[in-house]
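A.B. asks: Chains A and B, in that order, give the protein sequences. Position 16, counted from 1, in the first sequence is what the numbering used here calls 16; the numbers after and before it change by one each time, with no gaps. Position 52, counted from 1, in the second sequence is what the numbering used here calls 52; the numbers after and before it change by one each time, with no gaps.
Possibly wrong hints are sitting among the right ones.
As the list claims (entries may be wrong) - Think about it this way: if two alpha-carbon atoms lie no more than 27 Å apart in a straight line, the pair counts; the simulated DSS-like pairs of lysine-lysine are:
| id | chain 1 | residue 1 | chain 2 | residue 2 |
| --- | --- | --- | --- | --- |
| 1 | B | K89 | B | K167 |
| 2 | B | K148 | B | K89 |
| 3 | A | K167 | B | K89 |
| 4 | B | K89 | B | K128 |
| 5 | A | K128 | A | K89 |
| 6 | A | K207 | B | K167 |
Stated by the list, open to error - Quick look at which bits of chain A chain B covers, simulated, 3 or more residues with Cβ under 8 Å:
| id | region |
| --- | --- |
| 7 | 108 to 118 |
| 8 | 141 to 153 |
| 9 | 171 to 184 |
No lab work stands behind these hints: they were computed from the structure. We put the beta carbon where it would ideally sit given N, CA and C, even for glycine.
Residues per chain, in single letters:
Protein chains: 2
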Amino acid sequence: MDIGFLGGTGSEARGLALRFALAGARVILGSRSAAMGAAAAEACRDTAGVPTIHGTDNANMIRDSELIFLTVPFGAAIDAVRTSLPLLKPHHILVDVTVPLNFTMGRVEYLDQEGFSNSEIIDRNLPKEIPLVGAFKTIPAAILADLKSELNCSVFLCGNSREAKTKVANAASMIPTLHAVDCGGLETARTLERMTALAIALNRRYKRHGARFRVVGLDGETAK
Amino acid sequence: MDIGFLGGTGSEARGLALRFALAGARVILGSRSAAMGAAAAEACRDTAGVPTIHGTDNANMIRDSELIFLTVPFGAAIDAVRTSLPLLKPHHILVDVTVPLNFTMGRVEYLDQEGFSNSEIIDRNLPKEIPLVGAFKTIPAAILADLKSELNCSVFLCGNSREAKTKVANAASMIPTLHAVDCGGLETARTLERMTALAIALNRRYKRHGARFRVVGLDGETAK
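Chain A with its partners taken away, still in its complex shape:
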């Protein structure tokens, strides 16, 4: 299963691509220009030391990928999805990692969009047969790219297609010490996106870069 990135030149795409490639997946970084995608992929290959990270334009990436991560800035996601619509087929699964945040005066603020999550808003622009899964929202790009650090955290998934969530969970579970948690329907992204804002605020308050969440108590490990 090939894993593609729409907006593959940003830091979240880079971190995820490194982790997935090191876990054995074939990764494709898409960009508006094939040359920029190729350059980002070359830099990732140098860092990861594995040959399975490729770069190209978004159209070629979509054609060759099954999971397509939306790793554009949150405000650009709808345009990116609309532009991609003619290329999307029912075997594709979109994975939305975006989070609507405002950074003002050195503070991070969750941008409330009339009560709806960014995942729900993006999903409105998709035909029913293309499933969207909200995932990886709460894992900081900095810790993904810090390959010396184990992730040791949960990856929270939400979405309205159980089958699509299972595929994303299986992909996520390739990455060591990452624990996939099914959080329910897409509306749960309202919670997950706010948790991202909290993690970023914690990083600032505690002067760290890798604050993230782990669910305790799901595996009969309560006494551990």
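Chain A is fixed; fit chain B onto it per the hints.
C.D. replies: Relative to the frame of chain A, chain B by itself:
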């Protein structure tokens, strides 16, 4: 520092009282009737095997406590606070553990209150000199009362008084394997309350009773 519970006969109060008493604190369970408070305390003493859990009416509890936990049902919190107002003094700190949830058709749903958290709504009913700290919202009563289980999780604090948060954090830190995390101002309760709904939903989906959250990465423990 004595720890009181306004609405001390419910399950969240019971779980917290057991953990605090076992950690060495003196605990007072308040109830509308002194007899019911005393009965709840006797049951807790029997379970915990320590003599430092007392029960009385709410007025006596408030007089003798410094930290006062609001452990009434979320919809009853404002009335409970208003009734208590004549007794509250500036040395008191209210700790709000309430979460506005709807249980319908076997599902849990966060009850959005025009975008505001229950903590913020309660706080509007308090004079400025009485600080309110949102805390312990995400830790299930069932795991608190399950004394064989280590908590091994974070307790998330939010509030607008740094001094009050420090006192609540210090009290929380008496409980083994519980890690206090300062999440910022009271508005962060919007996130924390939704996280509670998520934890309850996870318990239902995974057939567990103790799903809770731990922040990873705040203590330079990222490589662990």
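A.B. asks: Now tell me if each hint is right for this structure.
C.D. replies: A quick look at each hint next to the structure:
{"no.": "1", "hint": "K89(B) with K167(B)", "in the structure": "holds, 16 Å"}
{"no.": "2", "hint": "K148(B) with K89(B)", "in the structure": "violated, 37 Å"}
{"no.": "3", "hint": "K167(A) with K89(B)", "in the structure": "violated, 56 Å"}
{"no.": "4", "hint": "K89(B) with K128(B)", "in the structure": "holds, 11 Å"}
{"no.": "5", "hint": "K128(A) with K89(A)", "in the structure": "holds, 11 Å"}
{"no.": "6", "hint": "K207(A) with K167(B)", "in the structure": "holds, 22 Å"}
{"no.": "7", "hint": "108 to 118", "in the structure": "holds (count 3)"}
{"no.": "8", "hint": "141 to 153", "in the structure": "holds (count 7)"}
{"no.": "9", "hint": "171 to 184", "in the structure": "holds (count 4)"}
Violation of the numbered hints given earlier is confined to hints 2 and 3; the remaining hints are satisfied by the structure.
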